[in-house]
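*Asks:* Here's the letter readout for the chains.
There are 2 protein chains.
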Amino acid sequence: MKQTDLLTKTTKENPKDEKSLNAQLLARGGFVDKLGAGIYTFLPLGLRVITKIEKIVREEIEKIGGQEVLMPSLHPKENWEKTGRWDVEEMYKIKDENLGLGWTHEEIITSLVKKHILSSKDLPKYIYQIQNKFRNEPRAKSGILRGKEFIMKDLYSFHSSEKDLDEYYEKVKVAYRNIYNRCGIGEKTYLTLAGGGTFSKYSHEFQTITDAGEDIIYVCDKCKEATNKEVYEGKGNCDCEVKEMKAIEVGNIFKLGTKYSEAFGLKDENGNLIVMGCYGVGISRLMGAIVEVFNDGKGIIWPKSVAPYAVHLICIDGGKTEIKSQSDEIYSILQKQNIEVLYDNRDDKTAGEKLNDCDLIGIPLRMVISAKTLKDDSVEVKERGSDEVKIVKIKELIDFLKHDL
Amino acid sequence: MKQTDLLTKTTKENPKDEKSLNAQLLARGGFVDKLGAGIYTFLPLGLRVITKIEKIVREEIEKIGGQEVLMPSLHPKENWEKTGRWDVEEMYKIKDENLGLGWTHEEIITSLVKKHILSSKDLPKYIYQIQNKFRNEPRAKSGILRGKEFIMKDLYSFHSSEKDLDEYYEKVKVAYRNIYNRCGIGEKTYLTLAGGGTFSKYSHEFQTITDAGEDIIYVCDKCKEATNKEVYEGKGNCDCEVKEMKAIEVGNIFKLGTKYSEAFGLKDENGNLIVMGCYGVGISRLMGAIVEVFNDGKGIIWPKSVAPYAVHLICIDGGKTEIKSQSDEIYSILQKQNIEVLYDNRDDKTAGEKLNDCDLIGIPLRMVISAKTLKDDSVEVKERGSDEVKIVKIKELIDFLKHDL
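In order, the protein sequences belong to chains V and G. Just so we're aligned, residue 364 is where the first sequence starts under the numbering used here, counting upward by one. Just so we're aligned, residue 364 is where the second sequence starts under the numbering used here, counting upward by one.
Careful: at least some of the hints might be erroneous.
Intra- or inter-copy, both count: the list cannot distinguish identical chains.
[Said to hold, decoys possible] Below, computed lysine-lysine pairings styled on BS3-like, alpha-carbon distance capped at 27 Å:
no.: 1; residue 1: 365; residue 2: 587
no.: 2; residue 1: 456; residue 2: 526
no.: 3; residue 1: 712; residue 2: 477
no.: 4; residue 1: 488; residue 2: 375
no.: 5; residue 1: 426; residue 2: 478
no.: 6; residue 1: 738; residue 2: 551
no.: 7; residue 1: 504; residue 2: 456
no.: 8; residue 1: 488; residue 2: 699
no.: 9; residue 1: 745; residue 2: 683
no.: 10; residue 1: 488; residue 2: 478
no.: 11; residue 1: 551; residue 2: 536
no.: 12; residue 1: 397; residue 2: 440
no.: 13; residue 1: 456; residue 2: 397
no.: 14; residue 1: 379; residue 2: 478
no.: 15; residue 1: 458; residue 2: 397
no.: 16; residue 1: 699; residue 2: 418
no.: 17; residue 1: 440; residue 2: 456
no.: 18; residue 1: 426; residue 2: 699
no.: 19; residue 1: 687; residue 2: 585
no.: 20; residue 1: 445; residue 2: 456
no.: 21; residue 1: 458; residue 2: 445
no.: 22; residue 1: 365; residue 2: 418
no.: 23; residue 1: 630; residue 2: 397
no.: 24; residue 1: 712; residue 2: 630
no.: 25; residue 1: 536; residue 2: 458
no.: 26; residue 1: 484; residue 2: 622
no.: 27; residue 1: 753; residue 2: 765
Bear in mind the hints are in silico, worked out from the structure with no lab data behind them.
Based on the sequences and whatever the hints tell you, model everything.
*Replies:* In structure tokens:
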């Protein structure tokens, strides 16, 4: 993508109404645009990150048998009356209609699967979607971490026994661990014991350590597990010493038991209630958490796996025809090799402005072409977040990148 | 995907509350599930079709420079008050909030691009999204053809002159033509002169001929163009003879001119209002239109390009161990070759039931394995919609498929 074609421009100043770091950096870099409190547009660069996270999540959930569906956001009142959740604070209701907006989908998936799960032979089943959730959130803040409208992966599992649910629950833990590892935040993300809500005594969250977190957790670095303050009773799961830390919840997994099966009469051929689990990952929140973890004073430092582009190619002194044409050629070579590249071909920006924008946007590999580098038939390559500059001959560039990307 | 793992079951009876053929076939085959009037879930098979249509649409829109974004569905009242469209019938409003649900996005995209399009140097720009639209639709009917919640691709273009808009408008016509060709309905789809609403005198629709259509158009088969009844004045665009036909609108393109630029003050550096166009394709409606065009008494006949799977592998007499193990092996060979295959491995269905389900679901290539075919080390292959049965040796199967798919 040529930067002259890209819709967005960066800004130097932080938006006045954004207090959280992720919102400031994502807005300044042109990843998101705030339409209202807790309501954001994903701009071209931001949507590329979202799409990469979604791909990772789909792959890991399908590895453990997940089948993707897409449920509606408009929900009939009658579904929610069956569980007594129609009048909860979270629910946005449509004026003059018996319709609400989905902030979760237990009431919809349970009535749906009832038409297809008819006997224990049809179990287990694992159904997921990636979809917009709506939540009446008076405290909308922290950028895309807590929104009124947000992208979520929600997986629901259906089992013939508690034991089968327990086994699948462990598989989901592994899948989630893979997701956070692949998104680059694995080391900072802890399986965390949390409250079970109205379903059961406990559930588990995945919490990512960062000062921007709204949750307090007690972390045991030896056991690599944590306990949420809400259920912490002076000691963690283990007997080790724990540290109190701030964290962002980037996923949660629940054993629902038979609560929803009972409300909707979801039974097998022998009249046994079907046992359920549910498992969420906030996709847009995960993007925000990644930004909170990976940044410096200059901007974002995207992990390679979710970066909007692999290479930021920057042409300096592009006013000079020979430099411009060499840059254009390198851009076209990279594209032919299917290397994802953002090309700063702007001729109304100084070198300093371009390098600052590059740091702000945070693409993993910066590649600079200038009169100086071309004298050596080279480009200058630097990883975002590192100070080491490498000089790479143009004819060796593709080999270098194939090795490095 | 093994059919024993697939969430959905087919049904023989049409749903009582579905009158349109697309809704009946899509529900019976397990592609969609009706949650309420005009509100549908896309089930695993249906979402695969939607995903394939979306991929085609993305490719064609990006060929003409489209950059993808994702705008919210929750819209602040103030955006819509600027154009006087807050109180239109289409708008679902959230109870007790100054928020409505987006049934189109001119009011959002125009205020968004104003932050990034600052001068004529930033033009033209082409911004699109694929996203759920919500529309208060008291006449919700015709299955997924007219819903309260539906998937739409909406593209918006921004230009420095009417002439530039006119040129891009012609490029969009070509892109749309490519989309319908690739989805298999090209020959039945006509560029159709239609009313321009409040924007201009005329716009264009793409109308697909089918008896299920709610629109009446006058078609000239010689010029391959049509005129919508709403603007028809006794003759078409040409002097040829025309036929009156029923059709489904599968896309529309509008020259918006400066209506929205004026409302939001979207101007270049010289104070000239920016000229806009907008271009829609109803993704879920397109799926319904494809079903209305391609079906027979037995079920759907998916075009290859949008079929949920390429091959429906059917094991008959799977109770016999040697047949089952041969089928399993062929399934695994096809998967290793990345051939998309639905595998009917059910052992509680008769051959007749399996072949009926196969016709209903409508995957392009049926591949039957039975005692009879295995005697010749073969499988029996038949295209959906054709009566010709081919016997293919198992060892030649991959070559056959690579040639045929």
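*Asks:* A separate judgement is required for each hint: does it hold in the structure or not?
*Replies:* Hint check results:
1. Taking CA atoms no more than 27 Å apart as the test, residue 365 paired with residue 587 passes in neither setting, with 43 Å inside one copy and 38 Å between copies.
2. In this assembly of identical chains, the alpha carbons of residue 456 and residue 526 never lie at most 27 Å apart, being 38 Å within a copy and 45 Å across copies at closest.
3. In this assembly of identical chains, residue 712 and residue 477 lie within 27 Å of each other by CA distance solely across copies; the values are 21 Å between and 60 Å within a copy.
4. For a Cα distance limit of 27 Å, the shortest separation of residue 488 from residue 375 across copies, 23 Å, qualifies, whereas the shortest one inside one copy, 50 Å, does not.
5. Taking the shortest alpha-carbon separations for residue 426 and residue 478, only the intra-copy value of 25 Å comes in at or below 27 Å, while the best inter-copy value is 42 Å.
6. Within a single copy, residue 738 and residue 551 get their C-alpha atoms no closer than 44 Å, and across copies no closer than 59 Å, so neither meets the 27 Å cut-off.
7. For the homomeric pair residue 504 and residue 456, the shortest alpha-carbon distances inside one copy (21 Å) and between copies (23 Å) are both at most 27 Å.
8. Taking identical chains as interchangeable, the C-alpha atoms of residue 488 and residue 699 lie at most 27 Å apart only when they sit on different chains, with a minimum of 24 Å there against 42 Å within one chain.
9. For the homomeric pair residue 745 and residue 683, the shortest alpha-carbon distance inside one copy (23 Å) is at most 27 Å, but the shortest distance between copies (62 Å) is not.
10. With identical chains, the CA atoms of residue 488 and residue 478 are at most 27 Å apart within one copy only, with a shortest distance of 13 Å there and 47 Å across copies.
11. Taking the shortest alpha-carbon separations for residue 551 and residue 536, only the intra-copy value of 16 Å comes in at or below 27 Å, while the best inter-copy value is 50 Å.
12. Taking identical chains as interchangeable, the C-alpha atoms of residue 397 and residue 440 lie at most 27 Å apart only when they sit on different chains, with a minimum of 15 Å there against 30 Å within one chain.
13. In the homo-oligomer, the alpha carbons of residue 456 and residue 397 lie at most 27 Å apart both inside one protomer (23 Å) and across protomers (20 Å), since each shortest distance falls under that limit.
14. Taking the closest pair of Cα atoms, residue 379 and residue 478 come within 27 Å of each other only across two copies (15 Å); inside a single copy the shortest separation is 51 Å, beyond that limit.
15. Taking the shortest Cα distances, residue 458 and residue 397 sit within 27 Å of each other both inside one copy (25 Å) and across copies (22 Å).
16. In this assembly of identical chains, residue 699 and residue 418 lie within 27 Å of each other by CA distance both inside one copy and across copies; the values are 23 Å within and 21 Å between.
17. For the homomeric pair residue 440 and residue 456, the shortest alpha-carbon distances inside one copy (9 Å) and between copies (16 Å) are both at most 27 Å.
18. Taking identical chains as interchangeable, the C-alpha atoms of residue 426 and residue 699 lie at most 27 Å apart only when they sit on different chains, with a minimum of 16 Å there against 31 Å within one chain.
19. With identical chains, the CA atoms of residue 687 and residue 585 are never at most 27 Å apart, being 54 Å at best within one copy and 49 Å at best between copies.
20. In this homomeric assembly, residue 445 and residue 456 come within 27 Å of each other (Cα to Cα) both inside a single copy, at 16 Å, and across copies, at 24 Å.
21. Taking CA atoms no more than 27 Å apart as the test, residue 458 paired with residue 445 passes in both settings, with 21 Å inside one copy and 21 Å between copies.
22. Taking CA atoms no more than 27 Å apart as the test, residue 365 paired with residue 418 passes in both settings, with 24 Å inside one copy and 22 Å between copies.
23. In this assembly of identical chains, the alpha carbons of residue 630 and residue 397 lie at most 27 Å apart only when taken from different copies (21 Å versus 45 Å within one copy).
24. Proximity of residue 712 to residue 630 under the C-alpha cut-off of 27 Å is restricted to the inter-copy arrangement: shortest distance 22 Å between copies versus 66 Å within a copy.
25. In this homomeric assembly, residue 536 and residue 458 never come within 27 Å of each other (Cα to Cα): the closest approach is 40 Å inside a single copy and 38 Å across copies.
26. For the identical chains of this complex, residue 484 and residue 622 are intra-copy neighbours only, at 21 Å inside a copy versus 59 Å across copies, given an alpha-carbon limit of 27 Å.
27. For the homomeric pair residue 753 and residue 765, the shortest alpha-carbon distance inside one copy (15 Å) is at most 27 Å, but the shortest distance between copies (45 Å) is not.
Consistency with the previously given hints fails for numbers 1, 2, 6, 19 and 25, ordered from lowest to highest.
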